[in-house]
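*Asks:* Could you build the full structure based on these sequences and the hints that come with them?
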Amino acid sequence: MKTFSWVSVSSALLLSVGLIGCSGGESSSSDGGSGGGDEPVELEFLVADSVNTRGLEAVAEAAEEELNISVTFDIRPGGPEGENVVKTRLATGEIADMMIYNAGALLETINPTRNFVDLSEEPYMDKMMENYKETVSFGDGVYGVPSQSSNVGGWLYNKTIYEELGLEIPETWDELMENMQAVKDAGYTAAVGAFDEISRTQIPVLADYYNVQKLAPDFAEEYTAGDAKFADTPAALRSFEKAYELGPGGNDFYNEDFNATTHEQGMAMLATGEAAHFANLSNVLPTIEDNHPKQVENIGIFPQPADGEHEPGFTVWMPNAILISQSSENKEAAKKWVEFYMSDEGQRIFAENFDSIGPYVVEGVEIPDDAYAAVKQMQPYFDEGRTAPALEFVSPIKGANLPQILSEVGGGFMSPEEGAEMYDQDAERQAQQLGIEDW
Amino acid sequence: MNANNNRMYSYYFLLPAGIIYFVFFLFPTLMSFFYSMTWWTLTDWEFIGFENFITFFESPSLRIGFRNTLFFAGTAVTGKVILGLLIAVFLTSKIRNKDMLRSIVFFPVLISAIAVGATFGVLMHPTDGIINNGLNLIGLPSVDWLGNPNLAIFSVAFTDIWRGVGIATVIFIAGIMAIPGDYKEALKIDGGNTFQEFRHIILPLSRPAMNTVIILALIDGLRNFDLVWAMTGGGPGFSSDVLASIIYKQYASGFYGLATAGNVILFFFVACIAFPVFKFINRKEVDL
Chain A
1 MKTFSWVSVS SALLLSVGLI GCSGGESSSS DGGSGGGDEP VELEFLVADS VNTRGLEAVA
61 EAAEEELNIS VTFDIRPGGP EGENVVKTRL ATGEIADMMI YNAGALLETI NPTRNFVDLS
121 EEPYMDKMME NYKETVSFGD GVYGVPSQSS NVGGWLYNKT IYEELGLEIP ETWDELMENM
181 QAVKDAGYTA AVGAFDEISR TQIPVLADYY NVQKLAPDFA EEYTAGDAKF ADTPAALRSF
241 EKAYELGPGG NDFYNEDFNA TTHEQGMAML ATGEAAHFAN LSNVLPTIED NHPKQVENIG
301 IFPQPADGEH EPGFTVWMPN AILISQSSEN KEAAKKWVEF YMSDEGQRIF AENFDSIGPY
361 VVEGVEIPDD AYAAVKQMQP YFDEGRTAPA LEFVSPIKGA NLPQILSEVG GGFMSPEEGA
421 EMYDQDAERQ AQQLGIEDW
Chain B
1 MNANNNRMYS YYFLLPAGII YFVFFLFPTL MSFFYSMTWW TLTDWEFIGF ENFITFFESP
61 SLRIGFRNTL FFAGTAVTGK VILGLLIAVF LTSKIRNKDM LRSIVFFPVL ISAIAVGATF
121 GVLMHPTDGI INNGLNLIGL PSVDWLGNPN LAIFSVAFTD IWRGVGIATV IFIAGIMAIP
181 GDYKEALKID GGNTFQEFRH IILPLSRPAM NTVIILALID GLRNFDLVWA MTGGGPGFSS
241 DVLASIIYKQ YASGFYGLAT AGNVILFFFV ACIAFPVFKF INRKEVDL
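Heads up: the sequence lines are chains A and B, in that order.
Per the UniProt record's numbering, residue 1 is the first one in the first sequence, and the count goes up by one each step.
Per the UniProt record's numbering, residue 1 is the first one in the second sequence, and the count goes up by one each step.
Just so you know, these hints were derived from the structure itself, not from any lab.
There could be a bad hint or two in this list.
[Said to hold, decoys possible] For each label pair, taking beta carbons as the anchor points, the in silico distance ranges come out as:
1) A:ASP74 to B:LYS94: 56 to 64 Å
2) A:ARG114 to B:TYR12: 38 to 46 Å
3) A:ARG114 to B:PHE57: 28 to 36 Å
4) B:GLU58 to A:ASP227: 16 to 24 Å
5) A:MET125 to B:TRP45: 28 to 36 Å
6) B:PHE66 to A:ASP227: 32 to 40 Å
7) B:PHE268 to A:ASP218: 40 to 48 Å
8) A:ASP74 to B:LEU203: 53 to 61 Å
9) B:TRP162 to A:PRO77: 24 to 32 Å
10) B:MET100 to A:GLU81: 36 to 44 Å
[Unchecked claim] Some chain B residues near chain A, calculated using beta-carbon distances under 10 Å:
11) PHE50
12) SER112
13) ALA113
14) PRO126
15) PRO141
16) SER142
17) LYS188
18) GLY191
19) GLY234
20) SER239
21) GLN250
22) SER253
Glycine residues also receive a C-beta, built at the ideal position from the N, C-alpha and C atoms.
*Replies:* Shown next as structure tokens:
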């Protein structure tokens with residue numbers, strides 16, 4: 001017995017030492033950091049490997065001269081794996097001084113009011129467009145600034161194939177299906193299926209949200225409140241049906257090996273003219289340019305059309321947010337850096353070096369003249385107001401299993417109704433885990 | 001032994017190991033039992049009783065997960081025992097280049113599961129993979145090894161057998177080598193053939209080795225994660241999800257309490273299968 005108590009006492013001691021160590025780490029985050037130009041400060045900036053850092057690097061270079069604050073980029077994986085890295089590093093207090101993370105629903109899952117610095121008092125706040133600010137506002141604070149231009153979800157298409165077959169940009173879903181059939185009959189792949197990168201299986205549903213909110217204007221609100229579901233809202237269920245129609249369950253428009261095709265291979269198929277369509281976000285354009293510099297001008301984009309009830313419009317993805325960690329030891333320096341980034345000069349440098357993938361959400365920043373052809377194609381939709389933010393920016397509810405569910409629906413292994421029901425259950429679990437009432 | 005002998009070493013000698021065992025095993029395990037009953041964000045927690053377990057059991061892919069986990073473990077054990085034993089018998093017989101062949105058989109064990117998964121992912125590619133190209137060459141149709149939901153888990157199980165059979169073989173070789181030569185000599189004097197040697201000497205007397213292989217393969221199979229994740233990510237859809245990959249996905253979504261509840265379930269699931277099996281096969285063990 002005596003021995004046992006010794007064991008427990010000493011291990012308890014050991015543990016408490018460990019615990020003290022932990023709490024010490026949390027509270028020791030002082031607001032030090034000079035960054036006034038006297039002493040050089042080095043900031044760590046955590047970004048996903050999918051982020052195009054050209055614009056940020058140029059700003060960082062200028063900021064280093066101006067403010068004597070240097071930035072080192074710390075690269076993390078993208079997608080759910082990267083979200084996990086961020087969550088774990090936040091919880092263990094090992095997070096970088098600054099980081100880029102999704103705005104909207106996903107940002108809410110990492111507790112912004114606790115983890116990040118409130119920027120609502122900063123001078124550049126008025127320059128941020130209202131609909132962007134909403135996606136980074138929680139409680140009374142505003143926690144992020146846009147890390148790039150906005151981008152849209154829709155159908156990237158190969159113009160050469162369109163010209164060769166004499167196809168027009170489709171105004172309705174049926175026209176899109178006809179176009180695809182024509183492409184398929186001509187011996188090309190009608191639509192790229194790149195299900196190896198599972199997150200892209202969501203695009204036909206997520207990019208359909210412009211149509212959903214046109215047909216069911218209160219959907220987002222009722223969805224957040226738990227009153228509307230995908231399965232029992234016809235306009236929303238239609239999105240799942242569209243995803244189904246593309247795959248082997250419907251018209252079988254995907255490439256034969258869609259389950260094993262990687263995103264990179266999919267982009268190559270589109271760029272080289274092997275395939276005609278690819279449902280994707282416009283933020284893939286810089287990657288296509290990197291790999292196929294000659295062909296990128298040959299790629300256009302159009303929104304996912306509805307069934308003829310209204311003119312097509314784009315679903316817009318708000319830019320990811322730059323956030324400053326609450327636990328950073330260089331908060332002041334990081335704030336100065338962000339201020340420089342948001343200044344007219346900073347934004348000019350950024351827009352010059354970043355390949356714009358859509359309109360900017362900071363006032364006074366225009367798409368440069370040498371932007372991608374596809375980006376220029378978007379402009380009329382924005383001018384005419386035919387755009388809507390994606391559901392994840394107007395509702396905090398986004399189930400985690402949507403990619404898996406849609407890979408089954410798109411692959412023809414599950415009916416759209418089953419998929420929508422399953423996703424509603426999945427979203428319900430997300431709501432419970434987020435602690436949202438009424439679900 | 002008399003009482004004096006028992007007191008020769010102080011129990012304090014157990015302390016270093018005891019502390020390590022407590023801090024790195026017992027304490028986290030007990031904590032996980034607690035956190036499985038909370039709503040947990042790594043920094044905050046709130047006690048919610050068994051709600052996580054209910055949510056976990058309501059998870060749509062869970063039934064597939066249990067079925068796949070059992071299937072995977074069963075296939076892995078069967079495959080590794082049969083193949084491992086056959087290869088071991090072959091490699092302990094009188095053949096040339098024995099050492100080199102043994103190294104080759106053991107080689108896959110040295111490769112990380114992720115690398116094996118990635119390699120087999122390429123080999124099993126539906127249109128460019130060498131396996132399908134080979135099939136086409138002899139006039140057979142292509143098979144979508146990892147993309148067909150009914151087939152994906154078979155393909156992963158096959159890869160796991162390829163990867164794990166080396167360990168099984170080495171254990172069997174050690175077991176077979178430990179069989180005293182007298183038995184074989186006696187068999188020879190009585191005029192027995194090779195098959196009889198296998199049936200009546202090698203098979204019963206390599207029982208301890210077989211038990212080790214079964215237990216190791218079973219536990220490995222039940223908690224397999226890396227290979228499944230590298231090859232299919234649980235897909236297409238949820239069709240090749242095993243318990244561990246379901247748990248990982250909950251964790252990746254930030255549902256830490258729920259993921260911990262899943263781990264507690266996995267813990268009891270493995271324990272409930274492994275302990276009875278262990279008891280059962282040990283009872284049948286033969287002393288050399």
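*Asks:* If a hint holds in the structure, say so; if it does not, say that too.
*Replies:* For each hint, the structure was consulted:
Checked against the given bound of 56 to 64 Å, the beta carbons of A:ASP74 and B:LYS94, roughly 59 Å apart, stay inside it. A:ARG114 and B:TYR12 have their C-beta atoms about 45 Å apart, which keeps the hinted 38 to 46 Å range intact. Distance hint for A:ARG114 and B:PHE57: a CB-CB separation of about 31 Å, consistent with the stated range 28 to 36 Å. Look at B:GLU58 against A:ASP227: about 21 Å separates their beta carbons, and that is inside 16 to 24 Å.
Taking the beta carbon of each, A:MET125 and B:TRP45 are about 35 Å apart, inside 28 to 36 Å as hinted. Our hint of 32 to 40 Å for B:PHE66 and A:ASP227 holds, since their Cβ atoms are close to 34 Å apart. For the pair B:PHE268 and A:ASP218, the supplied restraint of 40 to 48 Å holds, since their beta-carbon distance comes to about 45 Å. At about 57 Å, the beta-carbon gap between A:ASP74 and B:LEU203 stays in the expected band of 53 to 61 Å.
One distance hint, 24 to 32 Å for the beta-carbon pair B:TRP162 and A:PRO77, holds here, with the actual separation near 28 Å. With their beta carbons about 40 Å apart, B:MET100 and A:GLU81 fall inside the hinted range of 36 to 44 Å. Taking 10 Å as the C-beta cut-off, the interface hint given for B:PHE50 is violated, the closest approach to chain A being about 14 Å. At about 17 Å, the closest approach between the beta carbon of B:SER112 and any beta carbon in chain A exceeds 10 Å, and the interface hint on this residue is violated.
Of the supplied interface hints, the one on B:ALA113 is violated, with its beta-carbon coming no nearer than about 17 Å to a beta-carbon of chain A, more than 10 Å. Taken as an interface hint, B:PRO126 checks out: its beta carbon lies about 4 Å from the nearest beta carbon of chain A, inside 10 Å. Interface hint status for B:PRO141: violated, as the beta-carbon distance to the closest one in chain A is roughly 12 Å, over 10 Å. For B:SER142, the shortest C-beta to C-beta distance to chain A is roughly 9 Å, which falls under 10 Å, so the interface hint holds.
Look at B:LYS188: its Cβ only gets to about 54 Å from chain A, farther than 10 Å, so that hint breaks. For B:GLY191, the interface hint is violated, the least distance from its beta-carbon to any beta-carbon of chain A being 57 Å, above 10 Å. Because the closest C-beta pair between B:GLY234 and chain A is about 7 Å apart, less than 10 Å, the hint holds. Because the smallest distance between the Cβ of B:SER239 and any Cβ of chain A comes to about 7 Å, under 10 Å, the interface hint for this residue holds.
The beta carbon of B:GLN250 is positioned within 10 Å of a beta carbon in chain A (closest approach about 8 Å), and the interface hint is therefore held. Because the closest C-beta pair between B:SER253 and chain A is about 4 Å apart, less than 10 Å, the hint holds.
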